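**Student:** Model the full structure from these sequences, guided by the hints.
Sequence order for the protein chains is S and B. Residues in the first sequence are numbered from 1 upward in steps of one, following this note's numbering. Residues in the second sequence are numbered from 1001 upward in steps of one, following this note's numbering.
Hints may be right or wrong, so weigh each one.
[Claimed, not checked] If the Cβ cut is set under 8 Å, some of the chain S residues that face chain B in the computed set are: (1) LYS453; (2) LEU458; (3) ALA465.
[Stated by the list, open to error] Going by beta-carbon spacing under 10 Å, a handful of chain B positions derived as facing chain S: (4) PHE1120; (5) VAL1146; (6) VAL1181.
Keep in mind that the hints were calculated from the coordinates and are not lab data. As the structure is a prediction and not an experimental result, all values here were calculated from the model. Glycine is no exception: its CB is placed at the ideal position from the N, C-alpha and C atoms.
In case you want the letters, here they are:
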Amino acid sequence: MVRSTSGGTGTVLPVLTVFICCCMLFSGALFALQKDESPTSASPVTESPVTEEPPAETAAAEQDAVSVVEEQVKDPAALKLEETLKKNSKCLKCHNRERSKLLEDGSELSLQVHKDGYLASAHGEVSCVSCHRAIGNRKHPSKSTNINITSEREYSVEMNGSCRKCHMQKYKQYKGSVHSALVAQGSEKAPVCTSCHNPHAPVSMVNYQAETGLPCKNCHENIFNAYSASVHGKARISGNTIRDSHIQAPICSDCHHSHEVTALAIGDVLRTTCIACHENVTLLHNQWLPNAGTHLDIVSCAVCHAPFAQRKFDLHLYDNVAKVPLTMQEGDAPIQEQLQAIADEGGTGDPLEIWKARGGFGKEGQPADISLRSRMEVMSGVAAHQIASKSFAVRTCESCHEPGWRQKQNVTVSITQSDGRTQSFEANREALSSVKAVESISDFYALGGNPSKFLDILLLLSLAAGIAVPIGHFTLGKMIKEYMARGEK
Amino acid sequence: MSTSPIEQKQPDVWIKTKDSELYINPLPVRIWHWLNALGFVVLILTGTHIRYANLFNLMSFETAIKTHNWVAFAVIANYFVWLGFYLFSDRITVYHPELNMRKFFDKAFKQMMYYGYGIFRGHKSPHKVVPYDKFNPMQSITYQIVMLLVVPVQFITGLMMWDVKRFEAPIAMLGGLNTVVTVHVLIYIFFVSFTMIHAYMGALGSTPATHFREMFTGYEEEH
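**Tutor:** What follows is the structure, encoded as structure tokens:
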């Protein structure tokens, strides 16, 4: 057994050794054969290190891929997002439900944030506390640590700055708008960011459709209704059939901008806004309208293109040096009193003199060369949006250029305030007719509508002289001849 | 009665005619005069229509404006016919002013007396009309003021009103559009009576048609 066992072992070992040797030889031969079969290996270039790079790169790329996968797993942003969503879900756990807070003014502020809407929105990945800084995990208001909010409005105004962090450009535009200026003045209605954009479910700009007029319609319903019935509104709603298919009929923000919202009823702004789309307007008016350039300068587009709108003459203080309408600057003394004086006394005196006598802006360094410029405007913002189709536009000159027409029009005296809005005062209708105003309203003249009684009387005198001189001379001749004839008899 | 050198002066060769001593109004002057007269009438009528639109329903406001503008340019061009003729011919003497004030007033007074009395008595005009001195002192001074001051001012103000935007700077320099328009209207008012009185005085020849005929033929008729 032992022998046989040992004899057995004695035969296995040599066989194994031979087998291993054979395997080594075989694998060595196979390796050598593989090396010989490689085409690059036969080439002398293959020996250069360059040719050996691809395999090295592949290896490196493989290594990189591995590391990227590892990094993805460890990406701090992804981790942060995960953490944010986790934290947000904590907030939403409660705030998804209907709940509200009693404010100091007695109203209730809804604290509900619809989870689905919020998560699906562009703000879905934004941490709740990045806007609601005052409400962290450890300082969440409770019955004992309540946060007092006077009113929803006050809270909205206060929260307005939160948007700046991410939307700096839009925020800057908004700060330059008439809306922001009104908010700064304490307006209770002027919009803040959240008035137009629901912060918990902000929607893309394309969702602000002309059909709804939102969000502008919330405050400017009358104007939006006028727009809807206008050639622009109808075209927008019916698929922009107004002009070339690639040009869309305007909605509110196309003329007024969406964030740097401006009041257009200031000097040239409205005209340039219209011309931005109707670029050949000067050419078209030049074809038939005498003094087209001047008409376009002093007559607001809507005066003719909103044919049923009520019109007015607006006297605007104009800086002849800077060649711009005079605008009240921050720190200027209130001008309301002076303007009211022009409005009240303008019919009997020189409006500019009245203004100067009242001290102008009451401030040193005011522009020295100021005149009153008159523009034809429509009476209201609603009228300015009632733009009709071109075929309905006022085309007959007599609509404006006829005696007595001017006296029937409303006259306002206005100034552009520092916030960009125009403040107007209804003036005496005689303000434009006053002989004393010839100099101060030196740029204004409307053919046919000039009601200077002084010149009318002069014309009648001239006509009378043209008739009386011949008749008088002829009669004198007759009398002399008769007298002489009588004398001769 | 001795005649002055200017009265004896003979017309240029190019306008010499069969009876050159009586050839008072050469062709360029007659063309200018009648075109100008027609232009003035149209300008006054359209101007009145523009200023008092709808006073008479002759035409639309737009037509009135366009007619006024076109005729005004024709009248301006025509003015240069007059100016060119007098600048480049020796007929300029008809406008030479009487620099001697005593003499001027004396002549002017005599002329006024003639129009106020002598003309009805069949007296001869104290001013003898000759080719190089065709205007009596009153005509001379009036026409000079009209042609060298009033008419150019009317052209300039009218041109400014034609394209207010183009002439923005000069309008501002003159005190604004209202001032420019007021000047234009004042001159228009002046021309209303001027044209009527001028036409009446034109009828004060030996017959009412005499001076009109003379202005067509160019020849002074024997009175």
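**Student:** Indicate, hint by hint, whether the structure satisfies it.
**Tutor:** A quick look at each hint next to the structure:
no. : hint    : verdict
1   : LYS453  : violated (13 Å)
2   : LEU458  : holds (5 Å)
3   : ALA465  : holds (4 Å)
4   : PHE1120 : holds (4 Å)
5   : VAL1146 : violated (15 Å)
6   : VAL1181 : holds (5 Å)
Going down the numbered hints, you'll see the structure goes against 1, 5, while the others check out.
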